[in-house]
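**Q** One-letter residues, chain by chain:
2 protein chains.
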Amino acid sequence: MTAKPVDAESGIGRRRAQALGSKNRVYTDRRAEIISAAAELFRRNGFQATSLAKIAEAIQTDRASLYYYFSSKEEVFDVIVTDVVERNLAIAEGIRDSDATAVEKLHFVTTQLMSSYAENYPFLYIYLQENMAHVPVKRQAWADRMRAVNRRYERAIAEMIQQGLDEGTIKAVAPAWVIANGLMGMISWTNRWFNPNTSSVSAAEIGEAYSEILLSGIEKA
Amino acid sequence: MTAKPVDAESGIGRRRAQALGSKNRVYTDRRAEIISAAAELFRRNGFQATSLAKIAEAIQTDRASLYYYFSSKEEVFDVIVTDVVERNLAIAEGIRDSDATAVEKLHFVTTQLMSSYAENYPFLYIYLQENMAHVPVKRQAWADRMRAVNRRYERAIAEMIQQGLDEGTIKAVAPAWVIANGLMGMISWTNRWFNPNTSSVSAAEIGEAYSEILLSGIEKA
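Those protein sequences? They're chains W and B, same order as listed. Under this note's numbering, the first residue of the first sequence carries the number 1, and numbering increases by one thereafter. Under this note's numbering, the first residue of the second sequence carries the number 1, and numbering increases by one thereafter.
No lab work stands behind these hints, which were simulated from the structure alone. Given the structure is predicted, the values throughout are model-derived calculations rather than measurements. Quick reminder that beta carbons are idealized off the backbone N, C-alpha and C, glycines included. All the pointers check out, no bait thrown in.
Calculated lysine-lysine pairs in the DSSO-like style (CA-CA distance at most 27 Å, straight line):
| hint | chain 1 | residue 1 | chain 2 | residue 2 |
| --- | --- | --- | --- | --- |
| 1 | B | 138 | B | 23 |
| 2 | W | 220 | B | 220 |
| 3 | W | 171 | B | 220 |
Pairwise CB distance ranges, derived in the manner of DEER restraints:
| hint | chain 1 | residue 1 | chain 2 | residue 2 | range |
| --- | --- | --- | --- | --- | --- |
| 4 | B | 140 | W | 14 | 40 to 48 Å |
| 5 | B | 131 | W | 82 | 19 to 27 Å |
| 6 | B | 26 | W | 149 | 49 to 57 Å |
| 7 | W | 151 | B | 152 | 31 to 39 Å |
| 8 | B | 44 | W | 20 | 41 to 49 Å |
With the sequences and hints as input, model every part of the structure.
**A** Now the structure itself:
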């Protein structure tokens, strides 16, 4: 990690935090520009092959100047992922709280999640592959926040299933949370084999197929 | 990696290969004893916390003597996993080649895989979590072999589904391989949340539930 000495030498970490806190328009615009350039490089070349220096190059600046905005490429990645993951949570909780039937809700959320993996390719897949297991100390606060979001997401799905069990529209093949994990597994396992840029089957087709399997599998006749 | 210098200094890697090749009974018995002790430590304390020194301690020898049997704890782990994974493949291909109906085959293979994750806990889960993505160079040959086994396993599942599509007993909600990946995902995602030692729901119950969801989801009425 090269970020640490730079932070310590120049107090740039503190200046970065201050600039971000000030909500200065020029600063936040430039930050958004960096995020967008980094996202494009991550997508095109992969996370490993993308360095902070290459992100700097893409927006015609140097790595030292970039430190004023981000301490590491991991931090840029985390910002991108956090945004998508929290948006998906808001969608799932919104669906859960809607007036739809359990089966309608589950259909929507299953296909939405699958589409989201494709639209945000490869960010959510990299995030899944990280598995929050070996996150370094400096990213622990972020990892904790993400774990909380994941738990709420899974709970939202389990609550949709519970609604169906309560309504009697869904078969009690297992406790709601076990069914929820099965749904998550079917969709999230796509991180191992699905690439929207090369696949002969689209994310929409996969989402519909898995939703149909799951729902006709648990729906009461 | 401390194994490399030791191998280079004393030619122990060559002696290890020779001993293994000779199929000497005393050698292979001792090797099996090491595997069993290591498995127990991995299971109890986790892979990270288990060192070659601790494995040596468990069988009352020293690390230097252990090098005559294994170059690293990764190698012990690989032997354990290879055995289980290849056995599961043999089972899956045996089922595929049997006279059962597609639905019977898929029920058997789904519940068998789930049971296998529990019986061999945590080895297959650690193996899944490794994801074959960041395997170091010295384990590449093993990783290639495992990838080939994985591909055959997935193909066996896809062929069972294809049989059902051909027989007209399974609905063509998606190509066979997409359905196969969904099945694998449901079962293998359990690596994220299932611990047979603490779970309120057993592996058998999970296997039956997921099998029921999948099969009533794809079976033609």
